[in-house]
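Trainee: Whenever a hint applies, use it, and build me the whole structure from the sequences.
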Amino acid sequence: MSKLSRASIYAVLVLAALYTLAPLWVMLATSLKSLDEIRDGSLIAAPLAPTVEPWLKAWSSACTGVRCEGLKPFFWNSLLMTIPAVLISTFIGALNGYVLTQWRFRGSEVLFTALLVGCFIPFQVVLLPMARTLGMVGLSDSIFGLIFVHVVYGLAFTTLFFRNYYVSIPQDLMKAARVDGAGFFTIFWRILMPISGPIFVVCIIWQFTQIWNDFLFGVVFAGADSQPITVALNNLVRTSTGVKEYNVDMAAAIIAALPTLFVYIVAGKYFVRGLTAGAVKG
Amino acid sequence: MKLKFVAAAIAASFVAGASYAAEVEVLHWWTSGGEAKSVAELKKMMEAKGHKWKDFAVAGGGGDAAMTALKARVVAGNAPVAAQIKGPSIQEWAQQGVLADISGASDEWDKLLPKVVGDAMKYKGKYVAAPVNVHRVNWLWINQDALNKAGGKAPTNFDEFFALADKFKAAGMTAIAHGGQPWQDATVFESVVLGVGGAKFFNDALVKLDPKAIDSPTMLKSFDTLAKIKTYIDKDAAGRDWNLATAMVMNGKGGMQFMGDWAKGEFTSANKVAGKDYACVPTPGTANAYTFNIDSFAMFKVKDAAVQKGQLDLATAIMSPEFQEVFNLNKGSIPVRSGMSDAKFDACAKKSIVDFNATAKSGGLVPSFAHGMAVPSATQGAIVDVVAKFMNSNMSSKDAVAALVKASRTK
Amino acid sequence: MTMQPDRWLPKLVLSPTLAASLLFVYGFILITVALSFTESRLLPNWEWAGVERYVELFDSERWWTSAINIAIFGTLFIALSMAIGLLIAILLDQKIRGEGFLRAIYLYPMALSFIVSGTAWKWILNPGLGLEKLVQSWGFPNFTFDWLVNPDMAIYTVVIAGVWQSAGFAMALFLAGLRGVDSEIIKAAQVDGASTPTIYRRIIIPTLRPVFFSVTLILAHIAIKSFDLVMALTGGGPGTATDVPAIFMYQFSFSRGQLGLGAASAVMMLMTVIAIMVPLMYAETKSSG
Chain A
6 MSKLSRASIY AVLVLAALYT LAPLWVMLAT SLKSLDEIRD GSLIAAPLAP
56 TVEPWLKAWS SACTGVRCEG LKPFFWNSLL MTIPAVLIST FIGALNGYVL
106 TQWRFRGSEV LFTALLVGCF IPFQVVLLPM ARTLGMVGLS DSIFGLIFVH
156 VVYGLAFTTL FFRNYYVSIP QDLMKAARVD GAGFFTIFWR ILMPISGPIF
206 VVCIIWQFTQ IWNDFLFGVV FAGADSQPIT VALNNLVRTS TGVKEYNVDM
256 AAAIIAALPT LFVYIVAGKY FVRGLTAGAV KG
Chain B
4 MKLKFVAAAI AASFVAGASY AAEVEVLHWW TSGGEAKSVA ELKKMMEAKG
54 HKWKDFAVAG GGGDAAMTAL KARVVAGNAP VAAQIKGPSI QEWAQQGVLA
104 DISGASDEWD KLLPKVVGDA MKYKGKYVAA PVNVHRVNWL WINQDALNKA
154 GGKAPTNFDE FFALADKFKA AGMTAIAHGG QPWQDATVFE SVVLGVGGAK
204 FFNDALVKLD PKAIDSPTML KSFDTLAKIK TYIDKDAAGR DWNLATAMVM
254 NGKGGMQFMG DWAKGEFTSA NKVAGKDYAC VPTPGTANAY TFNIDSFAMF
304 KVKDAAVQKG QLDLATAIMS PEFQEVFNLN KGSIPVRSGM SDAKFDACAK
354 KSIVDFNATA KSGGLVPSFA HGMAVPSATQ GAIVDVVAKF MNSNMSSKDA
404 VAALVKASRT K
Chain C
16 MTMQPDRWLP KLVLSPTLAA SLLFVYGFIL ITVALSFTES RLLPNWEWAG
66 VERYVELFDS ERWWTSAINI AIFGTLFIAL SMAIGLLIAI LLDQKIRGEG
116 FLRAIYLYPM ALSFIVSGTA WKWILNPGLG LEKLVQSWGF PNFTFDWLVN
166 PDMAIYTVVI AGVWQSAGFA MALFLAGLRG VDSEIIKAAQ VDGASTPTIY
216 RRIIIPTLRP VFFSVTLILA HIAIKSFDLV MALTGGGPGT ATDVPAIFMY
266 QFSFSRGQLG LGAASAVMML MTVIAIMVPL MYAETKSSG
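Line by line, the protein sequences give chains A, B and C.
Position one of the first sequence corresponds to residue 6 (our numbering), numbered consecutively onward.
Position one of the second sequence corresponds to residue 4 (our numbering), numbered consecutively onward.
Position one of the third sequence corresponds to residue 16 (our numbering), numbered consecutively onward.
Hints were generated in silico from the structure; no laboratory data involved.
Keep in mind that the hints are not guaranteed to be accurate.
Short, incomplete list of chain B residues facing chain A, as computed with Cβ under 8 Å [as the list claims (entries may be wrong)]:
#1 28
#2 34
#3 35
#4 39
#5 40
#6 42
#7 53
#8 57
#9 58
#10 59
#11 62
#12 75
#13 246
#14 268
#15 269
#16 272
Calculated pairs, DSSO-like style, for lysine-lysine (alpha carbon to alpha carbon, straight line, at most 27 Å) [unchecked claim]:
#17 312(B) / 57(B)
#18 256(B) / 238(B)
#19 77(A) / 47(B)
#20 148(C) / 256(B)
#21 8(A) / 110(C)
Keep in mind that this is a model prediction, so the values were computed, not measured.
Ideal Cβ placement from N, Cα and C applies to all residues, glycine included.
Mentor: Written out as structure tokens, the structure is:
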């Protein structure tokens with residue numbers, strides 16, 4: 006490729022990155038300003054007298070109810086809920102995708118399509134029937150109920166991701182393995198898992214983001230003791246008739262997003278080319 | 004594997020349920036800053052009485068998310084002990100048969116509360132909710148500097164109001180600082196209706212929803228006035244948060260703002276003083292009227308005797324003079340309980356207390372429409388839609404009245 | 016048991032998902048349909064109301080505004096996110112230095128809760144505070160960008176913020192797809208002397224069909240459920256100019272105590288989506304299989 010076209014590729018990528026970063030700039034700048042500066046100055050200008058006070062407050066002393074300990078205590082609640090929910094739903098999705106592509110049976114396409122309708126069910130209509138169901142089995146207001154709900158409504162997507170990734174894997178591969186006497190799970194572990202890196206990344210990014218950032222399910226199903234960080238963030242940010250501290254709000258929002266960013270960066274490492282000829286033959 | 008997981012989860016939740024039997028769980032949406040600190044006072048008082056406070060805090064403008072969570076809890080058969088519910092919604096919830104009679108705590112309340120307030124807390128003659136505070140909605144906030152330059156006299160009717168607005172405009176300011184969000188539009192609207200038509204008309208039109216009052220020349224005039232107000236608002240107002248509009252009044256970019264008394268909190272936190280930096284006066288034409296916005300806690304039916312005791316103690320604590328004072332000093336509102344000393348309150352709050360008591364006697368005390376005190380939420384929503392549409396389009400006053408008539412029939 | 020495990024095991028593995036879907040998707044849809052024919056107000060109430068809720072719904076100006084808005088927003092949002100996502104993914108696939116870093120930048124908007132980043136966008140797009148003021152201060156006094164406060168244009172600002180948030184994830188999905196393409200095929204084509212754009216157009220992009228399908232579904236899901244986005248940016252305003260069905264549904268079901276009407280709007284929305292998407296999904300599933 007010519008030098009010129011490479012340079013233009015970089016130019017496009019950097020421009021896109023700048024556009025993407027613009028709101029982050031506003032948030033960062035605001036989070037480092039004092040309230041007086043926000044009231045008087047331009048909202049998108051750089052801070053004149055940067056202060057980390059809002060960050061400290063958001064982390065450890067802002068009120069989120071009668072408790073004024075910042076976002077810190079809610080981190081654990083969110084992790085406790087997100088990690089199991091992501092892992093369970095991703096794993097089930099991978100198995101489902103495997104069955105739907107490599108072990109097709111009569112009607113499996115119809116079933117898959119029927120499953121996908123789950124992508125479109127508005128969560129608002131789920132709330133009350135689900136609350137009733139969880140209440141009946143004694144899971145209402147508990148972190149287990151919340152994990153269960155997230156797994157259930159994540160399955161349509163995780164299945165979709167894996168099914169559409171595995172569908173392009175040649176059938177011959179499977180046939181050869183079965184001739185060799187490999188069973189259902191052996192094929193999954195030995196042949197599919199090693200080439201599933203990129204799709205696991207995508208699936209985990211999606212599920213982690215969805216579940217970590219979910220507000221509606223968290224607020225309705227979590228109960229007072231296990232409220233996730235989004236509920237705390239919302240409590241911190243939204244006042245009905247109180248003073249609005251934009252600097253603390255912005256700092257809190259960035260803090261609440263850090264685990265997701267961390268996942269993007271760590272998971273991103275496994276974003277290497279998956280289906281190389283070698284892996285397929287191996 | 005999944006079954007095992009569910010079984011373990013059920014077992015765990017039973018264990019958890021058993022150990023928290025005698026807690027008082029309270030759902031509220033005062034989650035941040037001074038509001039949260041005000042609720043924390045209540046928590047302290049409950050703990051002093053030996054109860055455990057379980058905080059179920061869910062924010063959301065006017066409690067949207069809180070109401071959703073509450074509904075899910077009630078449907079799941081797991082309602083909190085008390086929840087922040089106000090106005091006619093108390094009646095709606097009571098009709099579902101889920102609210103508890105708290106007569107055990109409310110013997111004296113009829114004497115302590117104005118009738119219009121007491122009635123709102125009762126269902127079939129029994130108290131089911133405890134009121135916390137009174138916000139006055141019909142306030143006008145004016146930049147004192149700008150007012151002094153324009154002659155120093157705060158407007159008492161709409162003619163003076165527009166004359167002042169013209170002066171502000173001529174001085175290069177945005178005469179009316181406003182945030183174009185539906186609830187703020189409705190806040191201005193109700194003050195205009197009150198100023199143009201008076202308390203009786205307000206009651207007929209926006210509380211009783213009398214079609215004759217809604218479809219009247221007075222209502223038409225209210226919309227005409229609102230249309231004129233629109234011309235003094237800058238074009239960037241759409242979607243602006245109320246507190247940014249308040250900041251405009253503070254720093255002199257804006258002249259005046261229609262907003263309830265919570266705006267005071269913004270001024271105070273910026274070290275601005277009433278009478279020196281800003282003026283608080285009743286909105287034009289409403290000196291003898293008072294739109295109230297009262298927060299209250301509705302009590303839900305609970306089975307456990309210890310929790311029932313906690314519930315009555317909570318109701319008593321809410322109405323106690325100590326809590327009423329400390330809470331309202333924090334929040335900027337005034338005590339709902341009559342006969343309390345106003346010594347610690349600031350000038351705006353003192354005026355609010357005097358007017359509250361006077362209008363309670365004169366009949367000028369009316370429930371705020373915009374803040375969910377006057378009509379059921381469905382009807383309120385439909386009317387707010389009309390007002391927001393009017394504020395953001397070229398709708399004529401005549402069409403607005405027609406739309407209002409239709410909206411007021413929403414059930 | 017004499018049956019081969021491979022005969023029943025796959026179906027067994029799939030069965031919990033199917034059971035959950037039957038109960039928690041289809042079961043709950045049925046409940047919603049039932050609710051839409053009742054007098055439900057604050058809480059479910061099974062008193063029969065016939066089609067009254069639907070009459071109310073079709074009579075509501077707000078409902079039609081939100082229906083038109085979701086059509087405009089959905090189309091533009093899906094098309095733009097997809098186009099930008101694919102372009103960035105292809106560019107990133109050119110053995111770019113700092114790929115991991117750039118990828119994280121494109122993805123980060125997904126990580127931020129819109130409750131707050133919506134405020135940042137609101138300031139940027141507000142003519143008096145953000146972009147318009149900035150460009151004017153650079154010496155272009157006639158520059159105007161007031162879509163946010165213009166009822167006719169506000170829905171497009173929702174598109175801008177929506178694309179900002181979601182294009183990154185479309186990029187990730189496309190990138191995973193690109194990385195899944197057998198590199199032998201590409202090498203063979205290169206040996207035949209095909210240029211890079213040709214290889215993408217003729218060979219790689221056609222093999223990404225299932226990915227396009229995933230991306231469409233994901234974006235459609237985001238578009239239909241866009242609630243936080245609109246609430247934080249415009250609150251459905253100016254007036255009701257940017258109202259969308261998700262807000263309509265939520266407000267009527269929960270804030271306004273008109274659960275029956277909310278359910279009716281949910282049913283209408285779901286029916287429309289299913290009518291559009293299911294044939295597409297089935298055709299795609301069949302042909303890619």
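Trainee: Evaluate each hint against the coordinates.
Mentor: Each hint tested on the structure:
no.	hint	result
1	28	6 Å, holds
2	34	4 Å, holds
3	35	5 Å, holds
4	39	4 Å, holds
5	40	7 Å, holds
6	42	5 Å, holds
7	53	17 Å, violated
8	57	5 Å, holds
9	58	5 Å, holds
10	59	4 Å, holds
11	62	4 Å, holds
12	75	4 Å, holds
13	246	5 Å, holds
14	268	5 Å, holds
15	269	6 Å, holds
16	272	5 Å, holds
17	312(B) / 57(B)	15 Å, holds
18	256(B) / 238(B)	14 Å, holds
19	77(A) / 47(B)	23 Å, holds
20	148(C) / 256(B)	15 Å, holds
21	8(A) / 110(C)	14 Å, holds
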